[in-house]
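Protein chains in written order, with our numbering: chain A, 572 to 984; chain B, 4 to 95.
Source of the hints: derived by calculation from the structure; they are not laboratory data.
Remember, predicted model here, so these are calculated numbers, not experimental data.
Some hints here could point you the wrong way.
Cβ pair distances, simulated, as ranges [unchecked claim]:
id, chain 1, residue 1, chain 2, residue 2, range
1, A, 824, B, 56, 48 to 58 angstroms
2, B, 54, A, 663, 43 to 53 angstroms
3, B, 81, A, 824, 18 to 28 angstroms
4, A, 698, B, 18, 24 to 34 angstroms
5, B, 25, A, 751, 24 to 34 angstroms
6, A, 591, B, 4, 29 to 39 angstroms
Every residue gets a Cβ at the ideal spot worked out from N, C-alpha and C, and that includes glycine.
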Amino acid sequence: MGYVRGLRCRECGAEYPPTQRTVCEACFGPLEVAYEIEAVREAFRREALATRSADLWRYRELLPVFDESSKVDLRPGFTPLRRAGNLAEALGLRDVWVKDDTVNPTNSFKDRPVAVAIAKAREWNLAAVGCASTGNLAAATAAAAAKAHLPCYVFAPASLEPGKLLLPRIYGATVVPIDGTYDDANRVALLAADRRGWGFVNINLRPYYAEGSKTLLFETWEQLGFDLPDVIVAPLGSGLLLTSLEKGIRELRELGELPEDATRLVGTQASGCAPIVRGFEAPDGRPRPVKRPETIAESLAIGDPGSGSEAIQAMRKTRGFADDPSDAEILEGQRLLAQTEGVFAEPAGGTTVATLRRAREDGRIDRDERVVLLITGNGLKAPGVWRETFPPLTPVPPTPAAVDAFLGGTGHG
Amino acid sequence: MVKLVLASPIAVATQGEREIDLEFEGTLAQLFDVVSGKYGRQFHQRIFDGDGRLKRFVNVYVNGEDARYIKGLETPIPRDATVDLLPAIAGG
Numbered sequence: 572m573g574y575v576r577g578l579r580c581r582e583c584g585a586e587y588p589p590t591q592r593t594v595c596e597a598c599f600g601p602l603e604v605a606y607e608i609e610a611v612r613e614a615f616r617r618e619a620l621a622t623r624s625a626d627l628w629r630y631r632e633l634l635p636v637f638d639e640s641s642k643v644d645l646r647p648g649f650t651p652l653r654r655a656g657n658l659a660e661a662l663g664l665r666d667v668w669v670k671d672d673t674v675n676p677t678n679s680f681k682d683r684p685v686a687v688a689i690a691k692a693r694e695w696n697l698a699a700v701g702c703a704s705t706g707n708l709a710a711a712t713a714a715a716a717a718k719a720h721l722p723c724y725v726f727a728p729a730s731l732e733p734g735k736l737l738l739p740r741i742y743g744a745t746v747v748p749i750d751g752t753y754d755d756a757n758r759v760a761l762l763a764a765d766r767r768g769w770g771f772v773n774i775n776l777r778p779y780y781a782e783g784s785k786t787l788l789f790e791t792w793e794q795l796g797f798d799l800p801d802v803i804v805a806p807l808g809s810g811l812l813l814t815s816l817e818k819g820i821r822e823l824r825e826l827g828e829l830p831e832d833a834t835r836l837v838g839t840q841a842s843g844c845a846p847i848v849r850g851f852e853a854p855d856g857r858p859r860p861v862k863r864p865e866t867i868a869e870s871l872a873i874g875d876p877g878s879g880s881e882a883i884q885a886m887r888k889t890r891g892f893a894d895d896p897s898d899a900e901i902l903e904g905q906r907l908l909a910q911t912e913g914v915f916a917e918p919a920g921g922t923t924v925a926t927l928r929r930a931r932e933d934g935r936i937d938r939d940e941r942v943v944l945l946i947t948g949n950g951l952k953a954p955g956v957w958r959e960t961f962p963p964l965t966p967v968p969p970t971p972a973a974v975d976a977f978l979g980g981t982g983h984g
Numbered sequence: 004m005v006k007l008v009l010a011s012p013i014a015v016a017t018q019g020e021r022e023i024d025l026e027f028e029g030t031l032a033q034l035f036d037v038v039s040g041k042y043g044r045q046f047h048q049r050i051f052d053g054d055g056r057l058k059r060f061v062n063v064y065v066n067g068e069d070a071r072y073i074k075g076l077e078t079p080i081p082r083d084a085t086v087d088l089l090p091a092i093a094g095g
């Protein structure tokens with residue numbers, strides 16, 4: 572079992588062997604993978620990491636895959652951590668970095684959790700895999716399934732951007748286009764996986780799937796010279812990414828790699844779908860479900876977030892905060908990132924930039940703090956949001972005069 | 004006939020039964036009373052918290068609609084309804 576001790580319930584602490592198990596049998600709470608930390612400490616050494624492959628498996632002691640041959644070799648992870656000096660200057664900050672997961676194999680961070688989940692599906696010889704998706708996970712699961720020779724079933728809202736429904740089909744998956752919200756797709760996907768015995772990465776493989784996401788935290792730590800920033804801003808959909816980041820911080824601390832109060836975790840979602848932000852503001856710390864999400868950030872449009880409470884706990888525990896910019900602010904965030912740093916993010920990335928701007932202006936983030944933005948998806952996946960800002964171009968005739976007329980200024984002699 | 008459908012992880016509350024047909028009409032709370040009568044206190048203890056509220060880790064859907072968006076435990080259950088009990092920890 573490698574370095575894995577078992578599965579542990581975050582709610583009641585019950586422990587289980589590391590088998591295919593969705594939730595805690597005693598209380599139905601979320602399970603997380605627990606490791607033999609003393610054994611991990613022996614092998615997880617800074618100097619050893621430097622010699623390893625440039626993908627997420629470089630943190631193998633803290634990933635729950637037992638059979639090397641079950642890994643699918645798409646090599647996600649170890650994406651660039653870009654120093655964002657222009658963006659920092661534009662926002663009046665000193666030290667901003669962009670963790671650029673737009674360059675993963677299917678252009679989003681979802682390749683990370685999928686890598687772990689598909690490896691587990693192969694270890695357990697599951698007949699098929701699948702997911703419920705707001706778009707990015709669909710492509711990630713379908714691509715890994717293709718490489719693993721596994722049938723793949725993607726449940727997604729039929730209203731997604733056309734490209735997000737097209738990509739998984741190109742990889743060979745069957746797309747089930749649900750006439751409803753993401754939460755509707757998630758509900759029927761859960762029932763389908765349960766009845767057919769398939770492995771759905773974010774449903775019945777979820778405790779393992781979650782582990783892949785924390786590699787964003789490990790990479791940030793390693794790429795900053797084994798240090799974490801003062802603030803990490805992460806988009807919130809289900810809340811699982813932020814929950815996984817907190818787990819990564821906890822594990823590095825248990826290994827003796829981090830001081831007590833390392834990093835503030837800041838979560839952000841669009842104001843048109845902000846169940847976790849509303850829950851963060853409420854005394855009980857429980858998400859406030861949204862029946863009909865209304866936002867351009869469709870990758871974050873989860874009205875009933877499965878890890879919302881855990882994400883709220885993580886933000887509170889790390890003294891972070893939650894924020895919900897408007898769609899207009901998100902678009903402006905996308906444009907600012909593209910035009911200052913040359914990184915084209917989907918709206919989820921614009922959400923992190925928008926929150927950084929808002930938090931700088933109202934003082935929630937200080938100008939001297941080191942900030943890392945997690946840019947989790949590529950803007951090319953969601954071109955439709957730009958239709959109004961950039962209407963179609965009118966063709967220019969291929970003559971110098973026409974070009975001069977188009978550009979203005981000096982005419983040709 | 005009301006059809007009660009439990010996802011596998013939740014079916015520990017009904018001794019592994021994943022689909023239960025019941026002659027019933029009333030509210031969701033009354034339906035759970037009937038099911039508790041059939042499967043004992045264990046069902047009630049697993050589905051409800053100490054304050055008598057549904058556990059936050061269990062989602063209940065009536066004909067595909069989340070009961071929280073209807074009337075919670077007072078949601079009317081027509082005689083031909085399908086009621087799903089699913090783990091809340093999923094997705095994303």
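Status of the hints after comparison with the structure:
1. At roughly 34 angstroms, the beta-carbon separation of residue 824 of chain A and residue 56 of chain B lies outside the given 48 to 58 angstroms, and the hint is violated.
2. Checked against the given bound of 43 to 53 angstroms, the beta carbons of residue 54 of chain B and residue 663 of chain A, roughly 47 angstroms apart, stay inside it.
3. For residue 81 of chain B paired with residue 824 of chain A, a C-beta distance near 53 angstroms fails the hint of 18 to 28 angstroms.
4. Distance hint check: the CB atoms of residue 698 of chain A and residue 18 of chain B are about 27 angstroms apart, consistent with the given range 24 to 34 angstroms.
5. A hinted range of 24 to 34 angstroms holds for the C-beta pair residue 25 of chain B and residue 751 of chain A, which are about 27 angstroms apart.
6. The hinted range of 29 to 39 angstroms is satisfied by residue 591 of chain A and residue 4 of chain B, whose Cβ atoms lie roughly 33 angstroms apart.
Hint check: violations occur at hints 1 and 3; the rest are consistent with the structure.
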